[in-house]
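Chemist: Sequence:
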Amino acid sequence: MGFSTVRSIVHETCQVIWNVLRPSVMPKPTREKWTRIAMEFDEKWNFPNCIGAIDDVGSYGRNSDGGIMQNSIFGKKLTSNALDIPPKKRLPRTDLELPYVFIADEAFPLTTNIMRPFSSDRLTDEAMKIYNYRLSRARRIVENAFGILQERFELCQKGIQVQPKYIDNIILACTCLHNFIIGGTSTESQSIASVSINLENDNNMNNALDGTTVREMFKDYFNSDEGSIPWQNDIVNRH
1 MGFSTVRSIV
11 HETCQVIWNV
21 LRPSVMPKPT
31 REKWTRIAME
41 FDEKWNFPNC
51 IGAIDDVGSY
61 GRNSDGGIMQ
71 NSIFGKKLTS
81 NALDIPPKKR
91 LPRTDLELPY
101 VFIADEAFPL
111 TTNIMRPFSS
121 DRLTDEAMKI
131 YNYRLSRARR
141 IVENAFGILQ
151 ERFELCQKGI
161 QVQPKYIDNI
171 ILACTCLHNF
181 IIGGTSTESQ
191 SIASVSINLE
201 NDNNMNNALD
211 GTTVREMFKD
221 YFNSDEGSIP
231 WQNDIVNRH
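This note's numbering numbers the first residue of the sequence shown as 1 and each following residue consecutively.
FYI, nobody ran anything at the bench for these hints, they're computed from the structure.
Glycine included, every Cβ here is placed at the ideal spot set by N, Cα and C.
Each hint can be trusted.
Simulated DEER-style distance windows between Cβ atoms: (1) 95 - 160: 46 to 54 Å; (2) 33 - 4: 40 to 48 Å; (3) 97 - 158: 45 to 53 Å; (4) 210 - 126: 22 to 30 Å; (5) 183 - 39: 17 to 25 Å; (6) 105 - 233: 20 to 28 Å; (7) 152 - 6: 18 to 26 Å.
Heads up, simulated DSS-like pairs for lysine-lysine below, C-alpha to C-alpha not over 30 Å straight-line: (8) 33 - 89; (9) 76 - 88; (10) 44 - 89; (11) 33 - 76.
Let's have the full structure, built from the sequences with the hints guiding it.
Modeler: Laid out in structure tokens, this is it:
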């Protein structure tokens with residue numbers, strides 16, 4: 001077959017893969033789904049009230065993750081409290097209520113629902129280092145997910161030689177196939193989730209807690225008797 005014929009088949013197939021598989025392997029999240037995800041993060045990674053680890057795809061590499069996030073459908077719905085995220089929940093073994101959060105690296109903004117690490121040049125005490133360790137430990141699953149996807153699909157291991165207008169369909173098809181192969185979208189399976197939804201607003205969800213306050217409260221919790229894990233001090237002091 002000719003080059004143009006094969007190209008058309010590939011791009012049409014990628015579109016069909018996305019259209020057919022997305023509802024089952026990347027379903028729209030509900031409050032019940034967010035709650036189950038948070039339970040997994042707490043059980044497996046000791047980070048309560050966490051509903052996802054985020055990293056961005058879908059734009060040129062020179063663009064910042066924070067800018068991509070802000071202009072994405074997901075970012076806009078997160079800002080407007082339109083993702084059907086449950087209200088604040090009490091942290092384990094305390095009376096302290098905090099919002100559900102996504103965890104991210106330093107490229108993302110610090111907001112009520114996005115927790116990022118303290119900057120490396122501002123780590124003034126061990127409590128901050130422990131917070132950074134706990135966040136990094138839980139957030140690495142998103143790096144693992146992209147690493148597995150890259151190894152699974154050879155085309156992701158180097159620059160994809162296609163016109164820019166075709167890139168989104170190819171990447172979306174790869175992520176759908178990745179989730180389909182591992183059989184679900186749980187954190188244990190190192191899945192990749194894509195969110196684009198339209199749900200009711202809940203402007204009272206977090207009662208005006210700002211990102212800095214939420215991060216400080218998580219930091220204090222991770223350094224308390226109720227929220228610490230036995231090995232965290234040894235890990236932090238080892239480096």
